[in-house]
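Student: Keeping the supplied structure of chain B fixed, place chain G upon it in accordance with the hints.
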Amino acid sequence: MRRPGLGAERLVGLFLIGAIGFSPPVLTLFNKPALVAGVPLLYLYLFALWVLLVALAGVVVMQLMPNGEIKPPPPANEELPPPAAPRAGEPRADAMEGPR
Amino acid sequence: MAGWVVIFASLAYLSLLFAIAYYGDRRADQGRSLIKNPAFYALSIAVYATSWTFYGSVGRAAESGAEFLPIYLGPTLVFLLGWFMLRKMIRISKVNRITTIADFVAARYGKSQLLAGLVTVIAVVGILPYISLQLKAVSQSFSVLLAYPEVTRPDPAGTTFLLLDEALWVALLMAMFSILFGTRHIDAAEHHQGMVAAIAFESIVKLVAFLAVGLFVTFGVFGGFADLFGKAAANPDIARIFAITGTGGISSWVMLTFLAMAAIVCLPRQFQVMVVENLNERDLKRAIWLFPAYLIAINLFVLPIAVAGILHFDKGTVAPDTFVLSLPIAERQPWLALLVFLGGLSAATGMVIVETIALSTMVCNDLVMPALLRSRWFGLAQRADLTKALLGVRRGSIIVIVLLGYLYYRLIGETYALVTIGLVSFVAAAQFAPAMIAGMFWKGGTRAGAFAGLVSGFVIWTYTLLLPSFARSGWLPLDFVDNGLFGIDMLKPYSLFGLTQFDAIGHATFWSLGVNIGVYVAVSMLTRQDAIERIQAAQFVDVFKTGAAHETVFWRGTATLTELRDLVARFVGQERAEQAFRDYARARAINLDKTREADADLISFAERVLAGAIGAASARVMVGSVAKGEMVGIDEVMRILDEASQILQYSRQLELKSQQLEAATRDLREANLRLQELDRLKDDFLSTVSHELRTPLTSIRSFSEILLDNPALDRVQRGNFIGIIAREAERLTRLINQLLDLAKLEAGRLEWQMSDFDPGPVVQDAVAAVQGLIVEKHIKLDSDVPDGLPFVRADKDRLTQVVINLLSNAVKFIDPGQGRIWVRARADGDYLEVSVRDNGPGIPHDWQDRIFERFMQVKNRDDPKPQGTGLGLPICKQIIEFFGGRIWVVSRPGHGATFNFTVPLSRAITRKLVAAA
Chain B
1 MRRPGLGAER
11 LVGLFLIGAI
21 GFSPPVLTLF
31 NKPALVAGVP
41 LLYLYLFALW
51 VLLVALAGVV
61 VMQLMPNGEI
71 KPPPPANEEL
81 PPPAAPRAGE
91 PRADAMEGPR
Chain G
1 MAGWVVIFAS
11 LAYLSLLFAI
21 AYYGDRRADQ
31 GRSLIKNPAF
41 YALSIAVYAT
51 SWTFYGSVGR
61 AAESGAEFLP
71 IYLGPTLVFL
81 LGWFMLRKMI
91 RISKVNRITT
101 IADFVAARYG
111 KSQLLAGLVT
121 VIAVVGILPY
131 ISLQLKAVSQ
141 SFSVLLAYPE
151 VTRPDPAGTT
161 FLLLDEALWV
171 ALLMAMFSIL
181 FGTRHIDAAE
191 HHQGMVAAIA
201 FESIVKLVAF
211 LAVGLFVTFG
221 VFGGFADLFG
231 KAAANPDIAR
241 IFAITGTGGI
251 SSWVMLTFLA
261 MAAIVCLPRQ
271 FQVMVVENLN
281 ERDLKRAIWL
291 FPAYLIAINL
301 FVLPIAVAGI
311 LHFDKGTVAP
321 DTFVLSLPIA
331 ERQPWLALLV
341 FLGGLSAATG
351 MVIVETIALS
361 TMVCNDLVMP
371 ALLRSRWFGL
381 AQRADLTKAL
391 LGVRRGSIIV
401 IVLLGYLYYR
411 LIGETYALVT
421 IGLVSFVAAA
431 QFAPAMIAGM
441 FWKGGTRAGA
451 FAGLVSGFVI
461 WTYTLLLPSF
471 ARSGWLPLDF
481 VDNGLFGIDM
491 LKPYSLFGLT
501 QFDAIGHATF
511 WSLGVNIGVY
521 VAVSMLTRQD
531 AIERIQAAQF
541 VDVFKTGAAH
551 ETVFWRGTAT
561 LTELRDLVAR
571 FVGQERAEQA
581 FRDYARARAI
591 NLDKTREADA
601 DLISFAERVL
611 AGAIGAASAR
621 VMVGSVAKGE
631 MVGIDEVMRI
641 LDEASQILQY
651 SRQLELKSQQ
661 LEAATRDLRE
671 ANLRLQELDR
681 LKDDFLSTVS
691 HELRTPLTSI
701 RSFSEILLDN
711 PALDRVQRGN
721 FIGIIAREAE
731 RLTRLINQLL
741 DLAKLEAGRL
751 EWQMSDFDPG
761 PVVQDAVAAV
771 QGLIVEKHIK
781 LDSDVPDGLP
791 FVRADKDRLT
801 QVVINLLSNA
811 VKFIDPGQGR
821 IWVRARADGD
831 YLEVSVRDNG
841 PGIPHDWQDR
851 IFERFMQVKN
861 RDDPKPQGTG
871 LGLPICKQII
881 EFFGGRIWVV
891 SRPGHGATFN
901 FTVPLSRAIT
911 RKLVAAA
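Residue numbers (the working numbering), protein chains in the order written: chain B, 1 to 100; chain G, 1 to 917.
Only chain B is shown next, with the shape it has when bound in the complex (with noise of 0.2 Å):
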């Protein structure tokens, strides 16, 4: 069984990733003057920062149901395979036999 909440949790995992990742002491990293790519290298970071973290919330989101659970994965098959059914035509088996 699927944890209650869980869909809820991984959202406000996300949420602790941006509350990070826009920190001043991270943001100090990439607080240059510089261009990567043509693209200040700031607002390069800030905006894929931004972008994973709305695209993610997304996925989790579409899975999320009223009461914050995640989806159950579609309902597995519920008959077992047929026990021990050997297959046909294909002969091996085992035994012990002493030497003669």
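It should be emphasised that the hints constitute simulated quantities derived from the structure, not laboratory data.
Do not take every clue at face value.
Stated by the list, open to error - Cross-link-like lysine-lysine pairs, in silico, BS3-like; alpha carbons within 27 Å at most: (1) Lys877(G) to Lys812(G); (2) Lys32(B) to Lys315(G); (3) Lys231(G) to Lys32(B); (4) Lys812(G) to Lys682(G); (5) Lys231(G) to Lys315(G); (6) Lys912(G) to Lys877(G).
On a predicted model such as this, the values are computed, not experimentally measured, just so you know.
Tutor: Then chain G, alone, in the frame of chain B:
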């Protein structure tokens, strides 16, 4: 550009807006909602992006680089938490019929009229600058566009003759829109679907306009991002804005993010579109990613436009706030310029419309109505229909608010850039955050705490932001800004108590919110809640646990039904009141015609209906005036709450139990299936064994009978028969021995004679033992067993038994004549590895694990009779695992099979023992 073109375009656009809103309302009346799609909800939340975003972000970026971004990163973060926070807010508001922020705060803290009034005052005073900002933006863009093809600075605010000032006319048009589509009827819990449709449309227009100008500037005027930024990088003065550099720099960044996080929840218009206008909680799911995605899109080209503006215009000739418009004008693109103007107009109108509707509801419910109801000439004695009065008050307050905004713009507007004005309002709105958000998650917050926190935060906001802005516009002496109040250095409004780390906004945010939170928590802890506060606190915090079943507010008194119905009818109108009571009766299957006394349930229902129209605080006072008796006492409340929570706990335990039961049932079902399979295998095995036993027995019996009946048989024949009898008896013994072996092995009763020995000769002996069989079937056997293998620790005889079994298995299944068997032994690490390979038919993949289970035999289609007892490999497995090794098979059907097993070497076992000791 001719004035009439701009005016005509604006009017045409506004008419379109009116048409959309009208159509949306009509569809809603017909019950075919236009805005059912959750995208409408997300787009209406985008009313967050006002003309401040549209024009001001570029201005901010041109001055201090990335500092415009926290205003949009904050809401993104809040929406990631939306499923926790916003959903709870929506649920609370729906259950309690809350329609404004003032109502929300008041309802949480015991339906306090005082608190509702305070929140309303703060909201109106705080938001006025924001409304004036929109007017300023519209008027600025208008005058810039009129000058086409010249690129000019906008006229300073307030210099135009009043009646010729387009900002005034735009303001009045917006007020008209709000009145038409925001105050059609009185039950504010009903949604303004036409208004939402129009707002969503405006969100699209402003995004399209902004993207259009961004694309044009980046790819039309310049050769793409790299070209644009490359040119800017050459000039260190411009490259400066590639990093965070503004006053306060990176520490202001944090404050701005916090501020925006609070604002997205606490701005009256955001509350209106996110909570009040929400049709369905599920719509929030789409908004959680779509609204932030919208914010990304509208911010993508802010920096490119800012950089292009700086590159394009000489310093100081064009205000950065108008770059968005000036660039298309400078490039001689009249239609693009017009589109931009309309985009800015839609951003401004959207904001003003929603904001004034939200504010007017607050002013009406929480300031004007309480005062009117208290005054004698308007008193309760009269039975007059008050719906007209309510609507009149709301319409009047819309006009007053818009005009106040205009006044602020005329008086102050010129002193500040767009963004700064907006941020002043943000800080004011953020003051609601502690009381609102803590109120949703912490039951301990008290009315006194909320009140004290709000007042202190508001006072600090006034002192650090509002009054200085008056002073800088010349309406107050500047002296207290420069030298501090009474000349005290510590009281300088921009560096209170010597705090200079932030810019003005960050500074005000820090002090006002910090003190607000501190006072709220401290006073809450020092004061006690009364009964209704506790009820409301529990209802808010536990809204998901208690839900609708717990809506009942605890009125102990009774009222006559007529009184109650008349009361509701006075505020929501006769027809709607009748309808509401009819619905109530139908939902509970009671006949109200026969009822005279309204019970507690009906009284609280009436209170909720009233709350939707006039706010929770006023509704309580009104219902209290007709319901005789009092609210229940605190002890009773606690008892009721306790009972409710106990029942809740029971039901949760029950739920858990039933889940466990389900799991247990599932396990049992699986076990049962497994048992059935084993049972079947046992049956098969028994029949196999009895068959195996019977075959030799039969031949023994028949040959002995022949011998008995024919004493005259010749010697040779007799010898033959006796030989057969002996062989069959031997086979019988072997079979029984195996059965006993396995039984002993499994019961752990076998005696083991463990010793250290050289495995090489053991394997050779086993090979020699089956030599007769091999020769008989013309099989070629390659043995690769080197001399001097390291010693193993095992039982010699059992190990021989395993090798013999594997070899005889191989012999049994390969074709006589072409068969080949390879035997190989190697020391590998801590183990001896022995493998027996054949070129027989192989073993199907799904059988490779199972053949080591007891009684498992792969059957042959042509020969359904099993070829062995199904015990050999299980016995091998038991033996090898007892030694501490493992046994497995590798096989590709059609390409033979390789059985491998390992046995631990003596030296490895000794080493382990030493290490353990």
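Student: Hint by hint, say whether it matches the structure.
Tutor: Results for each hint:
1. Lys877(G) to Lys812(G): Cα-Cα ~19 Å, so holds.
2. Lys32(B) to Lys315(G): Distance ~24 Å between Lys32(B) and Lys315(G) Cα, so the pair holds.
3. Lys231(G) to Lys32(B): 17 Å, holds
4. Lys812(G) to Lys682(G): Since the Cα atoms of Lys812(G) and Lys682(G) sit roughly 24 Å apart, the hinted pair holds (cutoff 27 Å).
5. Lys231(G) to Lys315(G): 16 Å, holds
6. Lys912(G) to Lys877(G): Within the cut-off at roughly 23 Å; holds.
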